[in-house]
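Student: Next come the chains, spelled out residue by residue.
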Amino acid sequence: MSSGARPRVFISRRIPEEGRALLAATCDVNSWESDEPPSHSEYLQAVAGVDGILCLLTDTINGELLDAAGPGLKVVSTLSVGYDHIDVKECARRNVKIGYTPGILTAATAELTVALLLATSRRLKEGIRAVENGEWGSWKPMWLCGPGLEGATVGIVGFGRIGVTVGRCLKPFGVASFLYSGRSEKPVEAKELGAMFVSFDELLAKSDFVVACCALTDKTRNLFNASAFKKMKNSAVFVNTSRGGIVNQNDLITALQSGQIGAAGLDVTTPEPLPTDSPLLKLDNCVVLPHIASATHKTRAAMAVLAANNLLAGLRGDKLPHEIQI
Amino acid sequence: MTRRRVYVTRQVHEEAVDLLKEHFDVGVWASDEVVPRAELLEQVQGVDTVFCTISDNIDAKLLDAAGPQLRVVATMSVGTQHIDLAECKRRDIVVANTPDVAADSAAEFTVALLLMVTRRCLEGAEAVVNGEWGLWKPMWICGNEVVNRTLGILGFGRVGFGVARRLKPFGVKKILYNDVIQSSMGAELQAQFVDLDTLFRESDFLVVSCALTGLTRNLINKETFDKMKPSAILINTSRGPVVNTADLVEALRSGQIAGAGLDVTDPEPLPPNHPLINLKNCIVTPHIGTNSTKARLNMALNTARNIIDTLVRT
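Chains S and E supply the protein sequences, listed in that same order. Numbered per the numbering used here, the first sequence spans residues 110 to 435. Numbered per the numbering used here, the second sequence spans residues -16 to 297.
The hints are simulated quantities; they were obtained by calculation from the structure and are not laboratory data. The model shown is predicted, which means the values in this text are computed figures rather than measured ones. Any given hint could be a false lead.
As the list claims (entries may be wrong) - In the DSS-like style, the derived pairs of lysine-lysine whose C-alpha atoms are separated by at most 27 angstroms in a straight line are:
{"id": "1", "chain 1": "S", "residue 1": "Lys315", "chain 2": "S", "residue 2": "Lys339"}
{"id": "2", "chain 1": "E", "residue 1": "Lys277", "chain 2": "S", "residue 2": "Lys339"}
{"id": "3", "chain 1": "E", "residue 1": "Lys156", "chain 2": "S", "residue 2": "Lys280"}
{"id": "4", "chain 1": "S", "residue 1": "Lys407", "chain 2": "E", "residue 2": "Lys277"}
{"id": "5", "chain 1": "E", "residue 1": "Lys277", "chain 2": "S", "residue 2": "Lys315"}
{"id": "6", "chain 1": "S", "residue 1": "Lys280", "chain 2": "E", "residue 2": "Lys151"}
{"id": "7", "chain 1": "E", "residue 1": "Lys151", "chain 2": "S", "residue 2": "Lys300"}
{"id": "8", "chain 1": "S", "residue 1": "Lys300", "chain 2": "E", "residue 2": "Lys210"}
Could you put the whole structure together from the sequences, leaning on the hints where they help?
Tutor: Given below as structure tokens:
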């Protein structure tokens, strides 16, 4: 990049205008102005010679793409908190910084996680369907009942920003005890909730609600498999708003069909989108949402601004507001 | 002495029936469906207590059919709209209900409805089923978060307060409420008592959790919607007739308010082709607000205990 020339940036999708405008003010921006992604070859072409890439979680940022961008690439900024779609080692090898958007989406994500938990446990999907199908008769004492949070044990797998916030939101619902598992203890956050650090197995065995809030890594891939579902209570409600990859989905289907666990609420699946003929969609005790946990106008706009600022910092050679380090 | 008699008008939890059997001869309409009127009038003849639900019409005719020995009407609900309270009072019949035991369950369900409406979960779930879910998009099915919004509670009783308490950690900026009187519980949540006008104008979420009375019937109507914000969401889990149904349909269709979540309607049930059911920005659930297993069991047990406490004590 010669001095005086504006940095070249590729934005791989239509993003909230606040983010795009911020970049356009000081950069030459090539923005893929569509809700659908560029094809593989279009993407490789578009990044050739750029200084920065703003990408989405559905893009694969690997060695091939980084090579196509070339040695001038300084920074990749993803519009997400998850970065399992980015080859972190390949970026480090090429001195490419990686920006991501934690924190700013925590409140919206925790909120949707609780919404999904409640929609699942209190059987709103079946209720809504009964209304639509004319199955709503008189009030019945024992119809369509589900577990409440009052007096329940909630197990949070992955006690990071989102997991802790989910716990805080659930506390006034009368939860009797919070358990959490993960790589390390978080005594400060745990104290606020009175949460106990336990092994994954103990959490599975004791929890009435199992909420997955962990990142997708090599250690967590397929964490929730047949063996895990077997350890859970038959009445347990499983909620996943993190990544589909932490669940062995076929094992989940079997567990739900056989009554090995009570119900599941999923905002993330494998693949995404989930095909409409998936057995998950035929189950009364499974609620599937289309990966909307951070989907509020304010949060997405704020994510776009943060992603843009991550990118701009990377272009300047400054420390990123939020950077992935390995 | 012959044992006193109870008639239970619906299939309820075995534990509750067993409890009653310790003290009374128990007759039960062992069905999930409402007992037909003629059958009910016959079965209550000579009983000392009726254990009923909101689906039963406890009027003078039924009280006559039962006879002068009827002492207690115990309903498995907090609401008593279905019971002629004046007639019961005239005949010295004790009316018992279950106000405390399901409030937490109802508050939890109310929050569930509110979150589902504001985060467009029904649209999301339908998009999955209909094949409209594509690759992740930043600006698709975006809703509005609870953070920094104003929560308005109409009826600051056990359920209303329970809703406010549960939503506080989600980051609501302000909690406003209106009720017949101010409540000291409000201070705990920094909730402000306001007049109805202010409640309607300022609420981003208007939660209806008041009893159905002469004052509250039809309270939420066209005039209310005129005052509300176009971005506001109405949640009703109390009783259908508090809200004017036709006015609500119009308000949702015209964008006068942004959305609604209803667990109770007028009429109830709603016919499946009713406009409210087909509106994208309205979620209707079939009056299941107290449907946690524990709450329903406790409602049944408490109804039985109400009867036992009244009759066995005296």
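Student: A separate judgement is required for each hint: does it hold in the structure or not?
Tutor: We went through each hint and held it up to the structure:
{"no.": "1", "hint": "Lys315(S) - Lys339(S)", "result": "12 angstroms, holds"}
{"no.": "2", "hint": "Lys277(E) - Lys339(S)", "result": "25 angstroms, holds"}
{"no.": "3", "hint": "Lys156(E) - Lys280(S)", "result": "19 angstroms, holds"}
{"no.": "4", "hint": "Lys407(S) - Lys277(E)", "result": "38 angstroms, violated"}
{"no.": "5", "hint": "Lys277(E) - Lys315(S)", "result": "18 angstroms, holds"}
{"no.": "6", "hint": "Lys280(S) - Lys151(E)", "result": "11 angstroms, holds"}
{"no.": "7", "hint": "Lys151(E) - Lys300(S)", "result": "19 angstroms, holds"}
{"no.": "8", "hint": "Lys300(S) - Lys210(E)", "result": "44 angstroms, violated"}
In this structure, the earlier hints numbered 4, 8 are contradicted, and the remaining ones agree with it.
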